[in-house]
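Asker: Residue numbers (my numbering), protein chains in the order written: chain S, 1 to 491; chain L, 492 to 668.
What the hints contain is simulated information worked out from the structure, not anything from laboratory work.
Beta carbons: idealized from backbone N, C-alpha and C, even for Gly.
Some clues are possibly wrong.
Derived pair list, reagent style DSSO-like, types lysine-lysine, alpha-carbon separation capped at 30 Å [as the list claims (entries may be wrong)]:
id : chain 1 : residue 1 : chain 2 : residue 2
1  : S       : Lys-430   : S       : Lys-254
2  : S       : Lys-430   : L       : Lys-516
3  : L       : Lys-564   : S       : Lys-14
4  : S       : Lys-14    : L       : Lys-659
5  : S       : Lys-271   : S       : Lys-42
6  : L       : Lys-498   : S       : Lys-369
Computed from the model, here is a short list of chain L residues facing chain S with C-beta under 10 Å [claimed, not checked]:
id : residue
7  : Leu-519
8  : Gln-534
9  : Asp-547
10 : Gln-636
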Amino acid sequence: MEDSNNINNIFRDKFNSEAIPKEDWNTPDDQVWSNIERTLPKPKEESNRSPLIPFILSLALLGFMFLGYKYLQKAEEVENLEHLLKQCSDSKIEANGNTHNTNQSIMASHQNSAEKSEPIVSMVNQKVANASNSDVTSSATFKDVNQKSNISSLKGEAANDLLASATISDQEARIAAQNQIDDNQSLVENHDESRPNLKIIPLQNLIQKPFVNNNSYFDLNQLNTQLSAINPALKNSGPWMLGFGVGYNQWIDKKNGTINNPLSELLLNEKTTPSLHYQVNLKKFINRQLAVNIGLGTYSRNQRSTYRLSLPYSTSNEVRHGDEMHNYFQHSLPTSLGNINTNLTLARSISSNVTNNENVDLDFSLSNKIKALNVPITFIFYLQNSGQGLYFETGLNTEFIFQQTLTNVTTNSYHSLVDDREMNVAFDRKQIEQFNFSIPLGIGYSKNIGSDISIDLSANYGFGLNNVHMHEGFTHKIDRISTQIAVFKSL
Amino acid sequence: METPKIKLCVEGNRSAQKELYDSYKNALFVLCQRYFSNIEDAQDALQDGFIKVFRDLHQFDALKGSIYSWLKKVFINTCLEKLRRKKLEFISVDDVQITSYYEPDVLSSLNLKEITNLIQSMPTGYRTVFNLYIIEGYSHLEIAQLLGISENTSKTQLMKAKNFLKGKLELVFENGR
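Turn these sequences into a full structure, and let the hints guide you.
Answerer: Next comes the structure, spelled out in structure tokens:
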């Protein structure tokens with residue numbers, strides 16, 4: 001007996017030593033490591049899926065969009081100037097011709113009444129002086145209009161004064177015009193000797209319509225309407241707006257390609273449930289028609305996958321556990337968490353009559369939940385030149401996944417004698433892309449509801465740009481339909 | 492192998508994984524050879540075992556034992572799984588002649604390769620029970636549960652394995668090794 005134990009110990013000692021000398025007979029082929037390496041996930045340092053690349057591309061895209069916008073803005077400015085120059089050039093002809101005569105005759109016909117209305121004249125003159133002091137653009141002379149790029153840029157106090165002036169009666173205005181012409185005549189003559197002798201039209205005449213010619217005139221009633229339609233945030237020289245939004249997301253899984261796993265064909269159902277998102281937005285108006293919106297939001301995404309597995313229950317591979325016989329199965333299943341590894345234990349009672357390789361059908365379901373932060377950077381194009389109303393939006397949405405978990409793993413055997421005893425699931429978090437990018441295309445409507453506060457309703461479709469998990473030969477992109485309501489306050 | 496290196500392996504660092512493989516490939520290849528009569532099956536088992544190791548390495552708990560003990564468990568299970576797939580058969584033994592075991596001195600004089608070859612020459616059933624009981628230290632009850640056989644079958648397979656070895660050893664020494 002003692003000898004037997006000694007012999008057993010000799011065997012144990014010889015084989016249980018960790019430090020077995022390397023010899024030819026106990027060294028496996030190099031091919032073994034190559035085969036092992038092929039099955040391992042690609043190491044991080046060898047991966048070219050760095051999130052830096054999409055980031056750089058996104059930045060480049062934004063850069064191009066910005067440059068494009070600047071170019072368009074410049075072109076628009078040039079066009080406005082050209083238009084204005086043309087208008088002025090037409091007006092100059094008119095000023096030396098019909099309009100001049102018209103003005104002269106109007107002024108002549110009202111000369112007497114002007115002398116009699118001294119108090120009213122001084123009041124109007126005071127208004128004109130105020131308007132001139134507050135903004136060069138609102139100066140009463142035609143010459144000054146010529147120097148400024150666009151009368152429609154009248155804003156703030158100057159615009160209000162101008163509009164207030166418009167309410168003064170026709171007669172009062174014309175009386176004031178007489179005086180202004182006298183005052184400004186010398187100014188024009190001294191200003192540029194080379195220019196044709198230009199008649200000065202006072203502010204009050206600018207207010208009346210038509211004041212330049214029949215083809216081109218400024219309608220101040222129209223201007224007034226336009227000004228009232230402009231987003232108050234813009235009128236009050238505060239183009240930054242801060243907002244908070246709540247939205248509803250519908251997720252669309254888009255899968256392409258094949259997975260080298262026969263079990264993938266057994267996917268019964270996969271559904272990503274809708275979820276809410278909460279977002280803080282910072283909107284910057286570049287002009288009345290264009291704004292940039294930068295947001296920071298958070299949401300979660302839940303996906304449930306159900307597989308129908310049909311496994312051959314082998315009675316020859318069973319292992320006894322008390323009164324039960326167990327059979328073990330290992331699988332690798334492609335999910336939105338990447339390839340997951342499953343260890344399934346099927347059990348039957350020792351006394352049950354199950355034949356070898358009898359098929360056991362069972363449903364296997366698992367839910368995974370991701371939590372993400374998203375940073376949308378979008379350009380908003382308002383259809384009206386007012387910073388509100390209907391708009392289109394597009395840009396780039398960056399999603400950062402900061403948590404992913406398996407929330408629920410269940411199995412349900414349909415075999416009357418074989419039960420699903422245990423299912424363990426393991427997955428490699430590195431398989432999941434932490435940064436996902438999408439391009440949202442959307443439409444929205446913005447409405448002022450009070451001073452400096454507006455409500456935005458919007459809906460967009462986000463086209464997923466990248467694969468959400470790593471898997472060769474298979475793509476899984478997630479598109480997003482999002483609707484949002486947001487309240488903005490100008491800063 | 493130190494814990495930080497194991498952590499690197501779990502994180503998918505390829506050079507750390509290669510280091511782990513190189514450190515234990517010889518010892519674990521010998522283990523696999525003990526369970527299979529041919530080298531191809533042993534290499535397959537080694538490959539499958541390491542794939543499982545790299546997949547499940549995050550489950551290894553250094554507080555519960557050494558990495559080598561954990562690796563051995565994984566590889567023993569891999570070998571048994573592979574044997575089950577090959578329909579492991581146990582020769583029924585009703586009339587086992589329990590004879591004396593061989594001399595310790597004789598056994599000590601053999602090197603590792605010779606002993607491994609001896610074990611490999613056994614029929615699969617003998618070899619499996621012999622490995623599990625004599626070298627791995629499992630009890631007959633545990634072997635019965637692992638292999639889905641009765642405790643008595645495990646005992647008789649072991650006796651048969653010992654007799655088989657004795658005969659082989661005698662043959663080896665008669666032929667002058």
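Asker: Work down the list of hints and note, for each, if the structure agrees.
Answerer: Hint by hint, here is what the structure shows:
| no. | hint | result |
| --- | --- | --- |
| 1 | S:Lys-430 to S:Lys-254 | holds (21 Å) |
| 2 | S:Lys-430 to L:Lys-516 | holds (27 Å) |
| 3 | L:Lys-564 to S:Lys-14 | holds (18 Å) |
| 4 | S:Lys-14 to L:Lys-659 | holds (19 Å) |
| 5 | S:Lys-271 to S:Lys-42 | holds (28 Å) |
| 6 | L:Lys-498 to S:Lys-369 | holds (26 Å) |
| 7 | Leu-519 | holds (9 Å) |
| 8 | Gln-534 | holds (5 Å) |
| 9 | Asp-547 | holds (7 Å) |
| 10 | Gln-636 | holds (5 Å) |
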